[in-house]
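Q: This is what each chain is made of:
Number of protein chains: 4
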Amino acid sequence: MYKVDLNSDLGESFGNYKLGLDGDVLKYISSANIACGWHAGDPMVMDKTVSLALEANVAIGAHPGYPDLLGFGRREMKVTNEEAKNYVKYQIGALWAFAQGRGMKLQHVKPHGGLYNMAAVDAELAKAIAEGVYEVDKNLILMGLANSELIKAGRNAGLKVANEVFADRAYNSDGTLVSRKKEGAMIQDRDLAISRVVRMVKEGKVCAITGEDIDIRADSICVHGDNPQAVEFVNSIKKALEEERVKIAPIGEFIV
Amino acid sequence: MYKVDLNSDLGESFGNYKLGLDGDVLKYISSANIACGWHAGDPMVMDKTVSLALEANVAIGAHPGYPDLLGFGRREMKVTNEEAKNYVKYQIGALWAFAQGRGMKLQHVKPHGGLYNMAAVDAELAKAIAEGVYEVDKNLILMGLANSELIKAGRNAGLKVANEVFADRAYNSDGTLVSRKKEGAMIQDRDLAISRVVRMVKEGKVCAITGEDIDIRADSICVHGDNPQAVEFVNSIKKALEEERVKIAPIGEFIV
Amino acid sequence: MYKVDLNSDLGESFGNYKLGLDGDVLKYISSANIACGWHAGDPMVMDKTVSLALEANVAIGAHPGYPDLLGFGRREMKVTNEEAKNYVKYQIGALWAFAQGRGMKLQHVKPHGGLYNMAAVDAELAKAIAEGVYEVDKNLILMGLANSELIKAGRNAGLKVANEVFADRAYNSDGTLVSRKKEGAMIQDRDLAISRVVRMVKEGKVCAITGEDIDIRADSICVHGDNPQAVEFVNSIKKALEEERVKIAPIGEFIV
Amino acid sequence: MYKVDLNSDLGESFGNYKLGLDGDVLKYISSANIACGWHAGDPMVMDKTVSLALEANVAIGAHPGYPDLLGFGRREMKVTNEEAKNYVKYQIGALWAFAQGRGMKLQHVKPHGGLYNMAAVDAELAKAIAEGVYEVDKNLILMGLANSELIKAGRNAGLKVANEVFADRAYNSDGTLVSRKKEGAMIQDRDLAISRVVRMVKEGKVCAITGEDIDIRADSICVHGDNPQAVEFVNSIKKALEEERVKIAPIGEFIV
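For the record, the sequence lines run as chains C, R, B and W. 712 is the number of the first residue of the first sequence in the working numbering; add one for each residue after it. 712 is the number of the first residue of the second sequence in the working numbering; add one for each residue after it. 712 is the number of the first residue of the third sequence in the working numbering; add one for each residue after it. 712 is the number of the first residue of the fourth sequence in the working numbering; add one for each residue after it.
Check the hints yourself; a few may be wrong.
Since the list gives no way to pick one copy over another, a pair counts as held whenever it fits inside one copy or between any two copies.
Below, a list of computed lysine to aspartate or glutamate pairs in the DMTMM-like style, where the Cα atoms sit at most 25 Å apart [claimed, not checked]: (1) K759 to D848; (2) K729 to E793; (3) K893 to E923; (4) K893 to E835; (5) K892 to E787; (6) K893 to E794; (7) K729 to E794; (8) K863 to E914; (9) K892 to E793; (10) K789 to E894; (11) K789 to E835; (12) K838 to D926; (13) K916 to D879.
Please keep in mind that the hints were generated in silico from the structure rather than gathered at the bench. Since the model is a prediction, treat every value here as computed from it, not as a measurement.
Chain C extracted, bound-state conformation (with noise of 0.2 Å):
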């Protein structure tokens, strides 16, 4: 039988300012990905995102990013290896505070952003934070860009790595993303966004940009849940793969 995670960036919320609809979106992942405070989130945040993951079944993973609040972590900072590696450390423990506190095992890292972006590419980077990860403990999951630098480095770290993919981008002939400057990088059609998921996990294969079939290994989908169309498109792929006999499952069951 098939299966596949569903992951969503929660607990992005901070202060006085909210953002996504993270009770709606549990009903229908299977991993959580939670701001650790850097990017986005603040500790009573944490503690309610994870509380929240607990009730609705929802494995639970950090989500590090830059030290930059006012840009949402999105933007590239030239941080030196090091940094990166330390960064990722300081917010992995303090989510595990939190699951601590329920009773929960943290069961996966994603990085955020523009530091998931770079790690995807550059191979020292990459490094470091999968040396980072494996330090802090080596039972977590490594989760980054199907096929990409981290997952390598995750691998190469002796850590389980989880290969995501997305159902709304378009793939460039080698795997990396389109970039969203240019024409056709997002999917918008909606029904074929739900098949080429379905493809990825059946068959491994999605059709590039250029035209052609590349091969992908999709062991996570990144949905999203910022407002309720978001979260009934996370509804349809879920329907529409438990259709295909594809179980949604946390990357935990099943990632050796």
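Guided by the hints, dock chains R, B and W onto chain C, whose structure is given.
A: Using the frame of chain C, we list chains R, B and W on its own:
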């Protein structure tokens, strides 16, 4: 045989800013309270400080503070008890990650600055902090002002507690510290400070500013490493205690 | 003819976080208090808000707060008076830069949240803030709680002052606001709120929570744009005042 | 008669953290670049630094940086040009407030660290910064790396500009600075450094690392006050220039 802990606040540098002679004072102390990035410290400094403590065979604890780097965590902030609890959990977790990376365990938690002062007198705040510590790890020792509300709250929460005393501060007859704004608040005479410390440890007594002896329990003595004179004073306290057959040991070795 | 100002706190978004229906409420108010990046707001938001106010022909003022984005500036912080003074100066200057870029002048300064509340009752803090405002620009109007210490301090410092009243809050017999924690603190009945506002403006009287009438001077009425209902209420207040032949005008037009 | 400005980055302390011998270096320089609270500095430090500059009769300018206190503004951040523009405006305004309080005018703006380096080579970023400065106050002088994109952008925006040179850095044949990572990047020999400075000022020439002379315009020389040796070197540069009949004067006195 008498035992007492010597503790100092370390890891207070931040980015480009250097503070404290951590490497020097580590030669004389038995427990290090490490700043966790909120009022001071950052992930690079935390990792370095944990490493230095390991080399020096000094036990480590978290030193959580208010979210106020600008005020070095010294200014009182009216956060809610729930906020204080989660802020403390977050910071313990952050430091835990670096201890994990070095194969160390956290021994204790000691709130910093304004949070320390408020938790000494506000029973509800103290309870929230103690419960936060317990939820993260019930084996952590909670360090606070000797005989304060924080000590009581720690015991009530089921934690081991460590009563902290100050060599260089005068005490009121109720066991609280004389405010720094009042005359006589600081014990300037180093020989007097040392003899007071020895008496607190061996007799459990100290002469209050009002002239009478009061009971005080000294599990740990707070010392400073801000400058060479301060470090030399730590050495003097250590020597004096050892000459009096008091063993310097981390609280984890003798607090039950 | 009676004149009164309608003011609202705007520009409270931050980075990726959106807050408030600024464009909507600007249709009805005469003065905008713009957050300056400490408790809320950022340079992009500030520039945008100044631009929106210019389009809407609404006067602008600085809305300085504590350095506490996490607490939205609502939590009291024990900063020194000198710190408060310099924090206010910094934030006024920051907003001034964006006004310069649009050819606008700053009309007023109104402290935010915890700083507003403390400055209403702490004469020394109020004096420090007033002097800070004066030093940056002695033509700025200082807005504060009607009849509070901040109003007195502003006058003593040589500034023009604006007494602010609240439509939705109950008053104690000494003219202070009834704490939100007490029953009856909020005026829920919108018609009552409006009639109270009209009376404050035209008669200079309001019925205190204890039942007796007290004197109150209403130069400016604080209104909110958090949600569509709040904006509609602002419209209702404006209409009611105009029907009562009260002209809505920015304080800069009538405060002397 | 030849004239040149000596500038130094001041006001880089933050809260409890002290940095730089500002009082000492102010004796020898003619212009101070004052940190504005983003990469360094805070309102208390800014007010103090403006006051010290006034006493020392030294002209002041804003030294805006990235929002990265943790990295001291040295790490490149991919902010948009619009963001950079507004960040610079914000920081100029903040410093302006303290100048107002002392009856001083801002003479110039010099971007800091990563922002300075990127603006030297990125024409679009440089344009955004120059326009931001112009919008706040068109009389401000824009200081940047000699002959860099920032200098060109400043001229194009209608600003007066000041070409900055470095005594202790080697130059490439195209007038850019040799990267610190390359051998020979730093001029270690103090006498050589001084003779190079004198030649840059009097002849408008410097010997590039490749051996040939290149044209360079030196309106202002960057000097440092980090430690007593650095301050003594500033004194030496000043003396050498004066012996060569070069007058040390703030750029505001001679840039047209």
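Q: Are the hints correct? Go through all of them and say.
A: Do the hints match the structure? See the list:
1. K759 to D848: both (23 Å within a copy, 19 Å between copies)
2. K729 to E793: between (32 Å within a copy, 18 Å between copies)
3. K893 to E923: Cα proximity of K893 and E923: one copy only (18 Å, versus 44 Å across).
4. K893 to E835: Between copies only: 21 Å across, 27 Å inside.
5. K892 to E787: both (16 Å within a copy, 21 Å between copies)
6. K893 to E794: between (32 Å within a copy, 22 Å between copies)
7. K729 to E794: between (29 Å within a copy, 17 Å between copies)
8. K863 to E914: Within one copy only: 22 Å inside a chain, 56 Å across chains, cut-off 25 Å.
9. K892 to E793: between (31 Å within a copy, 18 Å between copies)
10. K789 to E894: between (28 Å within a copy, 22 Å between copies)
11. K789 to E835: both (13 Å within a copy, 20 Å between copies)
12. K838 to D926: within (24 Å within a copy, 44 Å between copies)
13. K916 to D879: within (15 Å within a copy, 57 Å between copies)
In summary, the structure agrees with every hint in the numbered list given earlier.
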